[in-house]
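So the protein lines, in turn, are chains G and A.
Heads up: the first sequence at position 138 corresponds to 138 in this note's numbering, and the numbers run straight through without jumps.
Heads up: the second sequence at position 28 corresponds to 28 in this note's numbering, and the numbers run straight through without jumps.
Source of the hints: derived by calculation from the structure; they are not laboratory data.
From a predicted model like this one, the values you see are computed outputs, not experimental measurements.
The reader is advised that the hints may include incorrect statements.
Stated by the list, open to error - Sample of chain A residues at the chain G side, in silico, Cβ under 7 Å: (1) Leu44; (2) Val45; (3) Leu58; (4) Asp61; (5) Arg86; (6) Tyr87; (7) Gly88; (8) Phe90.
Beta carbons: idealized from backbone N, C-alpha and C, even for Gly.
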Amino acid sequence: MKRFLPLAIFLVLAIFLAVGLGLNPREVPSPLIGKVAPAFRLPLLQDPGRSLTTDDLKGKVWILNVWASWCVACLEEHPVLLQFSKANLLPIYGLNYKDKHEDALKWLGKHGNPYVMSIEDGDGRVGIDYGVYGVPETYLIDRNGVIRYKRVGPVTVEILQEKILPLAKQLQG
Amino acid sequence: MKFAAALLLLVLSGIGLVREAPNAADDPALENRVMKLTADLRCLVCQNQSLADSHADLAIDLKNQVRSQMRAGKTDADIRNYMVARYGDFVLYDPPFKASTLLLWAGPFALLGLGLLGLTVYLRSRRRSLVETELTPDEHARAQALLRGESGKSQ
Numbered sequence: 001m002k003r004f005l006p007l008a009i010f011l012v013l014a015i016f017l018a019v020g021l022g023l024n025p026r027e028v029p030s031p032l033i034g035k036v037a038p039a040f041r042l043p044l045l046q047d048p049g050r051s052l053t054t055d056d057l058k059g060k061v062w063i064l065n066v067w068a069s070w071c072v073a074c075l076e077e078h079p080v081l082l083q084f085s086k087a088n089l090l091p092i093y094g095l096n097y098k099d100k101h102e103d104a105l106k107w108l109g110k111h112g113n114p115y116v117m118s119i120e121d122g123d124g125r126v127g128i129d130y131g132v133y134g135v136p137e138t139y140l141i142d143r144n145g146v147i148r149y150k151r152v153g154p155v156t157v158e159i160l161q162e163k164i165l166p167l168a169k170q171l172q173g
Numbered sequence: 001m002k003f004a005a006a007l008l009l010l011v012l013s014g015i016g017l018v019r020e021a022p023n024a025a026d027d028p029a030l031e032n033r034v035m036k037l038t039a040d041l042r043c044l045v046c047q048n049q050s051l052a053d054s055h056a057d058l059a060i061d062l063k064n065q066v067r068s069q070m071r072a073g074k075t076d077a078d079i080r081n082y083m084v085a086r087y088g089d090f091v092l093y094d095p096p097f098k099a100s101t102l103l104l105w106a107g108p109f110a111l112l113g114l115g116l117l118g119l120t121v122y123l124r125s126r127r128r129s130l131v132e133t134e135l136t137p138d139e140h141a142r143a144q145a146l147l148r149g150e151s152g153k154s155q
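Go ahead and model the full structure; you've got the sequences and the hints to work with.
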């Protein structure tokens with residue numbers, strides 16, 4: 001019994017460390033999941049004379065993707081979003097976060113535009129309301145405007161197929 | 001003359017650079033309150049820093065947010081709630097005691113309790129295993145002899 005004590009202690013430590021190392025400290029559980037998405041009224045990036053509000057999106061399940069031209073990780077997920085948008089399964093709305101207007105337009109021109117529309121959050125106020133802290137961030141919002149899922153960091157094909165799409169299908173019912 | 005003007009401009013531009021943080025000078029009491037509150041809030045971009053210490057873009061935005069809300073007459077508790085509503089209890093360096101933070105608060109004490117329990121069990125079992133060995137009269141005599149400084153060897 002005594003002989004195995006160090007081994008037992010080692011195993012317990014190893015398990016705790018393995019779990020601890022597997023956790024991502026940057027993934028802060030959002031208190032917004034299950035809550036109504038914060039209301040906004042923001043100008044369209046490509047048509048600043050018009051604006052989009054959260055009320056305009058009531059009644060459909062949609063994706064809100066926070067992006068910026070200065071965001072390196074956004075480039076990583078961009079092809080995934082582009083391809084996904086072609087499948088026409090869910091509308092993606094872009095929240096252009098703390099970006100320069102011209103830079104944002106240039107970026108979309110250069111890399112392609114997966115968004116139905118992008119709205120401009122120049123001073124980042126709406127970003128703060130959504131608890132944005134690491135661009136890119138992606139939200140799935142249901143018909144009643146409730147946030148159902150949030151992803152901090154680049155969206156991958158796996159996340160779309162295993163998390164977002166099944167949940168969206170369920171929500172679209 | 002031209003040189004003097006250039007020098008003057010240089011000095012003035014220097015002054016312009018020095019005035020980087022105008023908010024602190026405006027209202028020291030408010031700034032004090034901002035620093036005090038944000039010292040208890042975690043910066044989400046660089047998680048081991050407080051909002052007060054951080055110069056990350058988001059931290060600066062959030063500090064401005066705190067500042068403007070204080071100017072609007074919000075209490076510290078209001079602002080704390082505002083932050084928690086967006087970023088969760090995680091932003092607080094002093095999180096509230098509730099079901100989800102139970103382990104965080106009670107964990108160390110539970111570990112201490114477990115340690116004490118283990119120690120007690122160990123000491124008890126040791127006491128039981130320590131059987132006092134009685135000396136035989138012969139051994140006793142030898143011990144006495146050793147204590148007197150004689151060689152204890154029994155011939």
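Against chain G, is A:Leu58 within 7 Å by beta-carbon distance?
6 Å, holds
Would you settle whether the hint for A:Gly88 is holds or violated, based on the nearest Cβ-Cβ distance to chain G being less than 7 Å?
At about 4 Å, which falls below the 7 Å cut-off, the nearest Cβ of chain G leaves the hint on A:Gly88 intact, so it holds.
Please check whether A:Val45 passes as an interface residue: C-beta within 7 Å of a C-beta belonging to chain G.
With a closest approach of 6 Å, the A:Val45 hint holds.
Hint validation: A:Arg86 versus chain G, beta carbon distance must be below 7 Å. Holds or violated?
4 Å, holds
Hint validation: A:Leu44 versus chain G, beta carbon distance must be below 7 Å. Holds or violated?
4 Å, holds
Just to be careful: measuring from the Cβ of A:Phe90 to every Cβ in chain G, is the smallest value less than 7 Å?
5 Å, holds
Does A:Tyr87 hold up as a contact with chain G if the rule is Cβ-Cβ below 7 Å?
At about 5 Å, which falls below the 7 Å cut-off, the nearest Cβ of chain G leaves the hint on A:Tyr87 intact, so it holds.
Report holds or violated for the interface hint on A:Asp61, using the least CB-CB distance to chain G and a cut-off of 7 Å.
5 Å, holds
Consistency note: the structure conflicts with none of the earlier hints.
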